[in-house]
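Asker: Fit chain B to the given chain A structure using the hints.
Residue numbers (the working numbering), protein chains in the order written: chain A, 1 to 359; chain B, 1001 to 1107.
To be clear, the hints were calculated from the coordinates, so they are not data collected in a lab. Quick reminder that beta carbons are idealized off the backbone N, C-alpha and C, glycines included. A portion of the hints provided could be inaccurate.
Stated by the list, open to error - Chain A side only, calculated, beta carbon under 10 Å to chain B, not exhaustive:
#, residue
1, ALA68
2, GLY105
3, ALA108
4, THR112
5, VAL117
6, GLN121
7, THR126
8, ARG180
9, LEU234
10, ILE238
11, VAL240
12, GLY285
13, ILE290
14, HIS296
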Amino acid sequence: MPGRVGDLPVALRVPLLILGFLSLLSGILGGLARLGWAVPLPSAQALALHGPLMICGFFGTVIGLERAVALGRRWAYAAPLMSGAGGGVLLLGGPWQAGAILLSGGSALLLTATLRVVRRQRELFTVTLALGAASCLLGNLLWLGGAPPSQVVALWGNFLVLTIAGERLELSRFLPLSQRARQVFLLVVLLLLSGSVAVVLQRAELLYGLGLLALALWLLRQDIARRTVREHGLTRFIAVCLLSGYGWLALSGVILLASGGLHAPGYDAVLHALLLGFVFAMVFGHAPIIFPAVVHVRMPWHWTFYLPLLVLHASLLLRLAGDVLADTRLVALGGVANALALLLFILSTISSVIRGARE
Amino acid sequence: MTESPPTMPDEATVLAALRTVNDPEVGMNVVDLGLVYGLTIEPGRVAVDLTMTTPACPLGEMITDDARRALTAVTPQGTTVEVRLVWEPAWSPQRMSVEARRRFGWE
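Next up, chain A with everything else stripped away, as it sits in the complex (with noise of 0.2 Å):
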């Protein structure tokens, strides 16, 4: 396949993503330790460091590897390769600062590479892009200073949400979007920054919650989410991915706000809410797109990509229940049942990608 000049062969992106998944795998076998499920670890601190395994391992690297395709740079593709190689280090069980200096150096390149794309088109949409690389960065530093991740949770959360926010504004361009929108769009976005620098500083973490449900409604009446839904196929199916991802984004705020703060009982509602509800709905959403985009496979549409969905949100729905009931067990078993939804989604992509070939 014809890669662009000065652009990494797609031979050798393919391990930068397995990379990747690998922290995943980890992130979610410490998740599941965590919630009392004896399952074996890669190393006992992936227990401890199931966020910074999913966030910043995971996500940090295809993340990096999606802007890095994007930019068609060949530098672009370290950051990826050095959050892949920091989750490798967590994961294998060597020193987490080794592990946070890695990351923190791959957040360092995604921003570069994003601010790339900010002097290439000075938006709105470019500079949330980077207001996510840069949380990431900033939440990876305070880390490895000593901050524990609880502290900069949001932070890392907004890697993530501003990140989509970013690429939602950037679709929402084919409607007409009004200029008052775009103003309250900023403000969102102005919320959710001080709201993770509140809950850094342990005070006033309400601002937080009201960022996440100020966005979720906003992408909920803006995105362009709420047409395609009247589409066919793939294009419906990413619908129905965002506006479910929305509601469990809608659900966290409320969930930090009517508990106070992110802190405890709440802290486990709202992070899966936020981090499994709404960031993996996008992910299960986009995989058919970006998969290809990244590795040049096929992944032909089919039914079976809503299982994993479904999956996702009975197992939340499960998860939630137990933690407002205080039910440890009940909440073991949405854990569970979350796992499940991550490893369907993962079978679903990997046949997916079989079927694609054999056509």
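Answerer: Relative to the frame of chain A, chain B by itself:
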């Protein structure tokens, strides 16, 4: 494999071929989205300039490959098919076709 056509396609045929290349997220083809910037048809060569709505979009490579495949199917064997990704001038919603703009609620 379908057989290659014996003669060079005209502009309408080339555009019809490009109309089979979709942005999967939006469910609309690259012609109606206004992503086709240039079209050259001469004996033995078809060249198309395509843009993406943003350089942050990772689909560029895939969509240019799809376009190349669609054009190869409507050109005689041995034709040089060139699809270039260009960024100037930056895409804007005004470039969408009347049909697309109506569908997205512009008029």
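Asker: State for each hint whether it applies.
Answerer: Checked hints:
Checking ALA68(A) against chain B by beta carbon gives a least distance of about 9 Å; that is within 10 Å, so the hint holds. A least Cβ separation of about 21 Å between GLY105(A) and chain B goes past the 10 Å threshold, and the interface hint is therefore violated. Annotation: interface hint on ALA108(A) violated; nearest CB of chain B at approximately 18 Å, more than 10 Å. For THR112(A), the shortest C-beta to C-beta distance to chain B is roughly 14 Å, which exceeds 10 Å, and the interface hint is violated.
Annotation: VAL117(A) was flagged as interfacial toward chain B, and the flag holds, the nearest CB pair being 5 Å apart, inside 10 Å. Interface hint at GLN121(A): satisfied, since its Cβ lies 6 Å from the closest Cβ of chain B, which is below the 10 Å cut-off. Because the beta carbon of THR126(A) sits about 6 Å from the nearest beta carbon in chain B, less than 10 Å, this interface hint is met. Proximity of ARG180(A) to chain B is violated relative to the hint, the smallest CB-CB distance being about 16 Å (cut-off 10 Å).
Residue-level restraint check for LEU234(A) holds (minimum Cβ-Cβ distance to chain B is 5 Å; threshold 10 Å). Among the interface hints, the one on ILE238(A) holds; its C-beta lies about 6 Å from the nearest C-beta in chain B, closer than the 10 Å criterion. Interface hint at VAL240(A): violated, since its Cβ lies 13 Å from the closest Cβ of chain B, which is beyond the 10 Å cut-off. Because the closest C-beta pair between GLY285(A) and chain B is about 9 Å apart, less than 10 Å, the hint holds.
Proximity of ILE290(A) to chain B holds as hinted, the smallest CB-CB distance being about 6 Å (cut-off 10 Å). Because the closest C-beta pair between HIS296(A) and chain B is about 7 Å apart, less than 10 Å, the hint holds.
Of the numbered hints listed earlier, those contradicted by the structure are 2, 3, 4, 8, 11.
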